[in-house]
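Once you have looked at the hints, place chains B and C on chain A.
Protein chains in written order, with UniProt numbering: chain A, 1 to 318; chain B, 1 to 576; chain C, 1 to 286.
You may find that some hints are simply not true.
[What the hints assert, rightly or not] Selected chain C positions facing chain B (Cβ under 7 Å, derived; list incomplete):
no.: 1; residue: Ala27
no.: 2; residue: Ala37
no.: 3; residue: Pro176
[What the hints assert, rightly or not] Among the chain C residues that face chain A by a calculated CB cut under 10 Å, a handful are:
no.: 4; residue: Leu132
no.: 5; residue: Pro202
no.: 6; residue: Ala243
[To be verified] When the alpha-carbon atoms are kept at most 27 Å apart in a straight line, the in silico DSSO-like pairs for lysine-lysine are as follows:
no.: 7; chain 1: A; residue 1: Lys222; chain 2: A; residue 2: Lys129
no.: 8; chain 1: A; residue 1: Lys222; chain 2: B; residue 2: Lys124
no.: 9; chain 1: B; residue 1: Lys124; chain 2: A; residue 2: Lys129
no.: 10; chain 1: B; residue 1: Lys317; chain 2: B; residue 2: Lys523
no.: 11; chain 1: A; residue 1: Lys45; chain 2: C; residue 2: Lys144
no.: 12; chain 1: A; residue 1: Lys10; chain 2: B; residue 2: Lys317
FYI, nobody ran anything at the bench for these hints, they're computed from the structure.
Just so you know, even glycine gets a beta-carbon here, dropped at the ideal spot from N, CA and C.
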Amino acid sequence: MTTFRRVAGKLGALLLTLFLASLLVFFSRFLVPGDPVSFLLRGRKPSPEAVAQVTAQYGLDLPPWQQYLNWLTGVLQGDFGRSLQYRQDVSEVIGDRLPVTLMLVVMAGTMIAVVGLTAGIVASLNRGKVLDRAVLIGLTVLGAIPSFVGSIVLIAVFAVQLGWFPSFGSGEGFLDMAYHLVLPSIALAIVFVVLVGKVTRSSMVEQLGREHVEVATSRGLKRGTVIRRHVFRNSIGPILTVSGVLVAGLLVASSIVEAAFGLAGIGTLLVQSVDRLDFPVVQAIVLLIVTAFVVVNAIIDVLEPWIDPRAAAGAGAR
Amino acid sequence: MTLLDISELTLDLPNGKRLLDGISLTVAEGETVGLVGESGSGKSLTARSVLGLLPSRATMGGSVQLLDQSVLDASRSELLALRRTRASMIFQDPRAGINPMRTVGDHLTETMRLCEGRSAADAKAVAISLMEAVRLPRPEEHMNQYPHELSGGMLQRVMIAGALTSSPRLLICDEPTTALDVTTQAEIIGVLAEQRASRGMGMLFITHDLNLAASICDRVYVMSAGRVEEQGDARQVFSNPQAAYTKRLVAATPTIVVARDSAATADQGADASATTSDAVPSTADAAASASASATPAPVEAMLSASGISKTYVRRGKEPVRAVIDASIEIPRGGALGVVGESGSGKSTFARMIVGLEQADTGDIRIAGRERTSVPSSRVERLEHARSVQMVFQDPYLSLDPRITAGKAIEDAMRLHRNLSTTDARARVIELLEQVGLGDVHAQARPRTLSGGQRQRVAIARALAIEPDVLVMDEATSALDVSVQAQVLSLVEEIRRERGLTVLFISHDLAVVRRLCDETVVMKTGEIVERGRTIELLGNPQHPYTRLLIDSVPRPEWNLEAVAAEASELEDPVAQN
Amino acid sequence: MTTPTMAMKVLRAPRVRRSSTTFLISAVFLGVVTLAAIFAPLIAPYPPNQVDLLNIQAGPSPAHWLGTDALGRDTLSRMMFGARTALLAPLLVVVFSTIVGILLGLLAGWRGGWIDSVLGRIFDVIFAFPALLLAIMAVALFGKGLVAPVVAMSIAYAPFVARLTRSLIASERSRPYVAAYRVQGFGGGFIALRRVLPNVMPIVGAQSTLNFGYVLAELAALSFLGLGVQAPTADWGAMVNEAQAGLIGGYFLPALVPAVAIVLVVVAVNVIGEELSDRIGGEIPA
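Isolated chain A (complex conformation) (with noise of 0.2 Å):
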């Protein structure tokens, strides 16, 4: 199979999945029993103004094949709507939030790649010895922490207690926002270390076993080259995919960090949102994550082959 055919049956797969969610989303709201324009003005006043324009932004009067073609049309072109309770185009409202919870979830994926990546080396190394059982066994107390116990954790000790980092807040330009993020970002990485720990540790174990490491040392090789050229080389794949489902568990984790920490982020945004009931907003934040999972995974997906030559071949992979 060509790279071309392959890449290009990824992205129809990637775009059926999406269109799917897409489904799911909208028409989810179908789901509440009762009429439209009063589900989407819960709690608000419901003058005539308010229902013309939510009428009109939703096209409620037209069939609902047609509200989703009218809102697919807009998504596509970045018009999420207006959110209720600001007054404003969704895509302003989540693009003032973006920057935060961005720099968020890249502080708290480098954290989990490199400390869940070390971890499950070292523990695979000494497979079977007291430092691989005592990071297994702190890998299942960490793994049982949710973020939010975690972040009221960090927030007594380091900010009440010790005073070391700030407790609330996102604060201002590039190096203050990266300082208030640093407990949050710890916070948001328990768990996801964990898994990342854990999957590299089984996944080099069991290369570790294989034959193929066995007559790369028989033939002279350092210990370091064999670990890294052939039990590391071939981990990659189960930790890549692994690392490609947390994606998705990741943004919205972040959510609950960035409630504890009160950081201005996406997450706030869609807790907020769902108790004021500004539905545009949910439906907006919802479709992103769902879709900034199903691409990232669609990439791993596209890569796989340099990263498995057998998958190229549509081999059975073992």
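Just chains B and C now, kept in the frame of chain A:
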């Protein structure tokens, strides 16, 4: 000059289990030394100890001297040096032994670039010349190919070339041909012998195959349960074994060598069955002698399959014609062998006969009843099952891990017959005893049973249904030779007692020879030759059959005499 | 010939003999928490919502073992009542998602073909919605509380169970023992339900046990965000939420107690789940 000198080597696990118990052996320059033994004999561990490949958890004793270097107490850098210059190892399964995610070229040049510091171009030139030496067809092209693009035989050549990059003095081969077809094995053995001779290397050759060891080794060591049972000149050890274990092993090893007087052999077989089955009505004997006399006797065909074809169509790939117009016929009580290498379609053929796959065209009849189409009702399904049963290759996977041996047999039995629980239980014990097991095994789950015991359970389970025909698909190829011999004896005995009709699928001519009156040879989906087994082996007509027979390693001497002598020692059923 | 590899595995695989004391401790701890939840009305020292404004933010004392919160409510009593939603909601999610997941996974894995492809595609779409996101969406649609999130999380977790079941069933289906049953004349339904399914159940069960921990943490997070259980109802996640304001003032206990309880329960569940899957790992042929 002595290359390798292992003396009094011991290996203990932390739990106190001793896996190697005082192994001593030597390999001299230019010499091929065989290390022969069955599963768990410790032969692979011994081989690995030479390169210091055993993990530190194991406690070692004795000494391993490779040229001037003592291995067991070597430092890390000394170990690297000896692996880089003195000895190389070729592993059993090239598919597992070469990193699937790196190119063949990378595998070959890796050590030259990273350990010897050669330039990439230089390393490539050496790699290509080595690939030519092991007769890989397109070295330049292979450099950039990945392992999954090459066949098993080609990969094993890559592995050999890779082992030779360091110009080792000693080449250790750990079952290098076990994962390969017999014709490929012959080619690989040829390459190995050639390289050993031209480089004057010493070779330590580990194998479970006596015939192979006998045909290529100068000296052999026979190992069992971590000890060397016997050693000496290869010819001497196998033609005149001294140790009881060696005698049993030799006796258990099937051979394709046809005695000059083939009729005598046939008579011998008939005699044997006559003496042991006095009490049993001799229908089987009658059938056997009928087919043995090769007259087209008017025996009703128990199994007849005609014009069977099967093509697998896969999207985006060439369709595979797995079986092409194959026809066979087995008389009641007969045993037919289907021999072929991997990809010959023999297993697909067997699966169509038992109804696991549907033939595209053709007609299968068992005991005169049409058995080609899919059973459409429960009644038809059960009738089909009563006409043919199957014993599978891997006894580890063909038994349900959760179900005890007794329950497995009982379930099969009660599916087909209405029996009270007590009757069924009694019948189960009876069957277990018939296959050489006892009521203690009825409660055992598969994982607590050995390979041989599992295969006996599988046979008992098939017999519980009392089928007209029993299909055995490579049913002994996962077993050690001695266990294989016991299972084969069991099948022979059952044939005699029950007059069972057997279709025996195997890659191993020697095994087929032992069990089957008649044999067909399959190659890429087609039956290329058929006939009485002895005649087919003694006087093959088709070039492929000839190639197949010539590829089987055959020591120059006659093992039969030894086998006859040792047969008194053999107690097929009692042991496992 | 499996000899050399087997011999090497004996040497290689260092079996970490996990002491089952941790397993035992975890099980006992979960048992105690469960009993406390069930019998909360009988054994709790105070009603969960009894406000005592003279005793706010009190430290541990004989009267209030775990202190009181900003409204003077007894933390221990609230923990006992809070355990009810904290444990029951994830249990419902796990039971529902396991049943649905096994049924769909069995269907996809055993039948294969187009059913498998269609279900696989549907699962792929649901995977793109993390469970918590789906729960948040459910709240946005149907309002706050636990009912909509529990349904949403069940839907989100079912595909995980289904995909695991599917792959296990599909790999079992290709094993010779299944072919052996067919040759013996057993029907497909019998083989699938009575023979193959029981062989994969332990692994699915271990996975579902682990899922319980995740779901518990996620539903607690939802209450922490103020979208799940609503004040003043006692719930561990909601308690952390309410106590968060006191953190800056140095009142850690009301937030830490439920937070630590969540962590301990999840650790215990993970220990049990991991040990279960370890034990099974030894028995199912690889």
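Outcome of the hint check:
The beta carbon of C:Ala27 comes no nearer than 24 Å to any beta carbon in chain B, farther than 7 Å, and the hint placing it at the interface is violated. Below 7 Å, beta-carbon pairs count as interface contacts, and C:Ala37 has none with chain B, the closest being about 35 Å; its hint is therefore violated. Interface restraint check: C:Pro176 against chain B, minimum CB-CB distance 4 Å, threshold 7 Å, status holds. A cut of 10 Å between beta carbons decides the hint on C:Leu132: the least distance to chain A is about 5 Å, and the hint holds.
Residue-level restraint check for C:Pro202 is violated (minimum Cβ-Cβ distance to chain A is 19 Å; threshold 10 Å). Hint on C:Ala243 holds. Least Cβ distance to chain A is approximately 8 Å, under the 10 Å limit. Taking the CA atoms of A:Lys222 and A:Lys129, the gap is near 22 Å; set against the 27 Å cutoff, the hint holds. Restraint check for A:Lys222 and B:Lys124: satisfied, since their Cα atoms lie roughly 21 Å apart, inside the 27 Å limit.
Using a Cα cut-off of 27 Å, the hinted pair B:Lys124 and A:Lys129 is violated, with the two alpha carbons roughly 41 Å apart. With a C-alpha separation of about 21 Å, the suggested pairing of B:Lys317 with B:Lys523 holds against the 27 Å cut-off. Restraint check for A:Lys45 and C:Lys144: satisfied, since their Cα atoms lie roughly 20 Å apart, inside the 27 Å limit. Annotation: proposed proximity of A:Lys10 to B:Lys317 holds, straight-line Cα distance about 20 Å (limit 27 Å).
Of the hints listed earlier, those the structure fails to meet are numbers 1, 2, 5 and 9, in rising order.
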